[in-house]
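Work the whole structure out from these sequences, hints included.
Top to bottom, those sequences are chains A and B.
Position 62 of the first sequence, counted from 1, bears residue number 62 in our numbering, the numbering being contiguous throughout.
Position 146 of the second sequence, counted from 1, bears residue number 146 in our numbering, the numbering being contiguous throughout.
Honestly, the hints are just simulated from the structure, not real lab data.
Possibly wrong hints are sitting among the right ones.
[Unchecked claim] Derived BS3-like pairs: lysine-lysine, alpha-carbon spacing no greater than 30 Å straight-line:
#1 K169(A) / K271(A)
#2 K47(A) / K196(B)
#3 K199(B) / K167(A)
#4 K67(B) / K167(A)
#5 K2(B) / K67(B)
#6 K50(A) / K2(B)
#7 K371(A) / K9(A)
#8 K271(A) / K215(A)
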Amino acid sequence: MAGKTLYDKIWDSHTVHTDQATGDALLYIDLHLIHEVTTPQAFAGLKTEKRAVRRPELTLAVADHNTPTENQALGLEGVKDEAARNQLSALTRNVAEYGIEFFPMGDPRNGIVHVVGPEQGRTQPGMTIVCGDSHTSTHGAFGALAHGIGTSEVEHVLATQTLRTRKSKNMAIEVSGELREGVTAKDLALHLIAIIGTAGGTGHVMEYRGSAIEKLSMEGRMTLCNLSIEGGARAGLIAPDETTFDYMKGRPSAPKGAAWEMATQYWRTLKSDPDAHWDSVIEIRGEDVEPTVTWGTSPEQAIPVSATIPNPETMRDPVKKAAAERALEYMGLEAGAPIAGTPVQRVFIGSCTNSRIEDLRAAAKVAENSKVADGVRAMIVPGSGLVRAQAEAEGLDKVFTEAGFEWREPGCSMCLGMNPDILAPGERCASTSNRNFEGRQGRGGRTHLMSPTLAARAAITGVIG
Amino acid sequence: MKAFTTLTSTAAALTHHDRLMANVDTDMIIPKQFLKTTEREGLSQGLFYELKTRADGSPDPDFVLNKPAFQSAGILIAGENFGCGSSREHAPWALLDQGITCVIAPSFADIFHNNCYKNGILPIALPYEVCAALAEQAGGANHKFTVDLERQIITSPDGEEIHFDVDEGRKASLLEGLDDIGLTLTAEETIATFEKGRKATTPWLEPATS
Ligand code: SF4
Numbered sequence: 001m002a003g004k005t006l007y008d009k010i011w012d013s014h015t016v017h018t019d020q021a022t023g024d025a026l027l028y029i030d031l032h033l034i035h036e037v038t039t040p041q042a043f044a045g046l047k048t049e050k051r052a053v054r055r056p057e058l059t060l061a062v063a064d065h066n067t068p069t070e071n072q073a074l075g076l077e078g079v080k081d082e083a084a085r086n087q088l089s090a091l092t093r094n095v096a097e098y099g100i101e102f103f104p105m106g107d108p109r110n111g112i113v114h115v116v117g118p119e120q121g122r123t124q125p126g127m128t129i130v131c132g133d134s135h136t137s138t139h140g141a142f143g144a145l146a147h148g149i150g151t152s153e154v155e156h157v158l159a160t161q162t163l164r165t166r167k168s169k170n171m172a173i174e175v176s177g178e179l180r181e182g183v184t185a186k187d188l189a190l191h192l193i194a195i196i197g198t199a200g201g202t203g204h205v206m207e208y209r210g211s212a213i214e215k216l217s218m219e220g221r222m223t224l225c226n227l228s229i230e231g232g233a234r235a236g237l238i239a240p241d242e243t244t245f246d247y248m249k250g251r252p253s254a255p256k257g258a259a260w261e262m263a264t265q266y267w268r269t270l271k272s273d274p275d276a277h278w279d280s281v282i283e284i285r286g287e288d289v290e291p292t293v294t295w296g297t298s299p300e301q302a303i304p305v306s307a308t309i310p311n312p313e314t315m316r317d318p319v320k321k322a323a324a325e326r327a328l329e330y331m332g333l334e335a336g337a338p339i340a341g342t343p344v345q346r347v348f349i350g351s352c353t354n355s356r357i358e359d360l361r362a363a364a365k366v367a368e369n370s371k372v373a374d375g376v377r378a379m380i381v382p383g384s385g386l387v388r389a390q391a392e393a394e395g396l397d398k399v400f401t402e403a404g405f406e407w408r409e410p411g412c413s414m415c416l417g418m419n420p421d422i423l424a425p426g427e428r429c430a431s432t433s434n435r436n437f438e439g440r441q442g443r444g445g446r447t448h449l450m451s452p453t454l455a456a457r458a459a460i461t462g463v464i465g
Numbered sequence: 001m002k003a004f005t006t007l008t009s010t011a012a013a014l015t016h017h018d019r020l021m022a023n024v025d026t027d028m029i030i031p032k033q034f035l036k037t038t039e040r041e042g043l044s045q046g047l048f049y050e051l052k053t054r055a056d057g058s059p060d061p062d063f064v065l066n067k068p069a070f071q072s073a074g075i076l077i078a079g080e081n082f083g084c085g086s087s088r089e090h091a092p093w094a095l096l097d098q099g100i101t102c103v104i105a106p107s108f109a110d111i112f113h114n115n116c117y118k119n120g121i122l123p124i125a126l127p128y129e130v131c132a133a134l135a136e137q138a139g140g141a142n143h144k145f146t147v148d149l150e151r152q153i154i155t156s157p158d159g160e161e162i163h164f165d166v167d168e169g170r171k172a173s174l175l176e177g178l179d180d181i182g183l184t185l186t187a188e189e190t191i192a193t194f195e196k197g198r199k200a201t202t203p204w205l206e207p208a209t210s
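Next up, the structure:
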């Protein structure tokens with residue numbers, strides 16, 4: 001019998017039951033992360049049916065998607081947008097009613113849900129983790145099976161602590177060698193998505209493997225797994241190792257003492273067997289990855305920053321061609337022109353993809369002793385209150401503010417523009433977030449995805465490059 | 001959830017430059033400004049908001065769902081990878097609120113596909129050429145399609161019958177409009193037994209408080 005992949009192992013150890021009639025498996029959920037936007041209808045459903053939350057203690061709530069990034073200390077009263085305030089107060093009421101732990105806006109532990117889970121040590125290897133947000137794949141960096149779910153499923157998990165789901169296929173992403181100096185996990189992720197396309201991983205769970213992956217820091221691994229969903233995969237996984245354990249040790253919710261010993265012993269078994277079966281394998285040489293940016297309105301429309309913007313006329317695939325034509329029109333770019341040198345008006349460094357301390361350090365390195373270019377508005381939005389505090393302890397906030405960046409309070413912010421941080425029509429933004437869809441950061445806004453290093457450089461020079 | 005059995009309706013095709021639009025993402029289906037609701041209803045006002053309105057907020061008469069012949073279409077036809085992007089269930093809720101209960105496209109993104117079934121919407125995957133041929137027949141108010149889930153057949157306005165595949169389990173729950181949670185709760189004992197085993201083998205997963 002063939003060996004098992006890491007995904008197979010986690011799946012098997014969490015299958016409560018498989019329904020023969022429907023083929024659905026009931027998967028036990030170890031950690032359910034919730035936030036204000038995708039839960040009100042789920043709680044309303046519970047109430048209508050008079051159902052309880054089965055395991056409130058396995059649930060953690062944050063306020064992140066539509067919180068403003070200033071004056072958070074004012075609490076809900078400080079939220080000017082009435083609809084956002086309603087949603088935030090609905091969450092506050094619901095968590096109180098059902099006894100769910102909650103880090104409200106202004107609590108230093110609050111922040112973007114996918115930054116908070118790992119930071120608190122709630123995210124652990126071998127777990128199953130779900131959240132009503134597609135970038136839940138981030139937690140796969142710890143060797144946890146983690147993915148986004150819809151609101152009906154949020155309600156299902158609240159009521160039953162299980163998810164009705166089907167098994168995905170196994171896809172290996174083998175990255176050999178190592179990334180070159182100055183090339184980050186973000187570049188690798190965009191490089192990969194450009195190869196496989198945004199639907200390339202559909203129906204699969206991706207496991208990132210190989211020497212270049214082993215050398216990544218936890219922050220880098222989180223960035224990579226975060227973007228798995230942009231490659232269409234249900235989840236991304238990286239086998240836990242010493243880097244993982246070092247990151248976790250001593251975090252508030254990480255196991256302690258004898259429990260830590262017992263847990264790490266188990267965690268060390270969490271890797272794919274050498275003879276495991278893969279439904280598909282993608283191979284990448286770490287050395288081939290260059291600093292990468294997107295030029296279009298899909299994460300797969302990515303090229304090395306040194307390259308020229310592709311010409312739709314040369315594309316044989318009609319879908320790609322039509323998409324490229326539409327994207328060039330929307331982005332206001334010329335086929336064949338170099339992407340480097342394209343002027344930007346806005347810079348956003350933040351989101352669950354790149355708002356951790358390492359990301360801020362990389363950006364600060366570029367910003368040090370420089371000034372934000374004239375006509376550019378640049379924002380730094382730390383992923384959590386604790387990231388913000390850490391950066392301040394290291395003096396990074398000074399580096400940023402002296403260079404002319406805005407130093408904001410934590411949240412999703414301009415990643416999706418549900419709060420007041422949005423682009424004006426036609427504005428071009430160098431962004432460290434994860435989606436460059438039309439209108440994602442504001443109607444008519446033009447988003448170029450890139451690493452914190454490249455985004456900070458765009459802020460200083462005023463152009464992509 | 002409302003059951004889906006058969007649907008007879010007009011169909012609206014989403015096109016761009018004479019081609020069915022690919023990669024229609026969830027931000028296009030329902031932009032973020034409409035996600036601040038705590039309700040499931042009323043979301044049709046945000047459905048395809050940026051495609052259906054002009055920059056000044058007035059309706060774009062060229063957008064298919066604004067045309068009188070398609071305003072009550074219950075079927076949507078689009079290109080590859082429909083519904084990619086976020087997990088927002090507001091996307092299927094907005095379609096439902098508009099009265100669309102069937103989407104036909106060459107392929108669907110994972111989470112959206114799943115969310116459809118949870119809301120009584122039938123996603124049908126057919127090759128691009130077939131979708132395009134259906135879109136050609138979607139012409140006007142009298143051009144009605146019938147989607148029969150039991151038989152897995154779409155009857156086009158021309159009377160042509162097209163077979164589609166659907167997962168048996170999904171089909172059964174759509175036909176009956178099953179309540180997933182109610183169903184799972186009948187397995188209460190199995191879940192409780194699993195929890196006991198979990199506590200014994202991975203005790204660190206239990207929070208210290210319990
Ligand atoms: S930062 Fe963006 S992608 Fe991440 S959780 Fe927030 S909205 Fe979702």
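> What hint numbers does the structure not satisfy?
Replying inline: Hints 4, 7 contradicted; others consistent.
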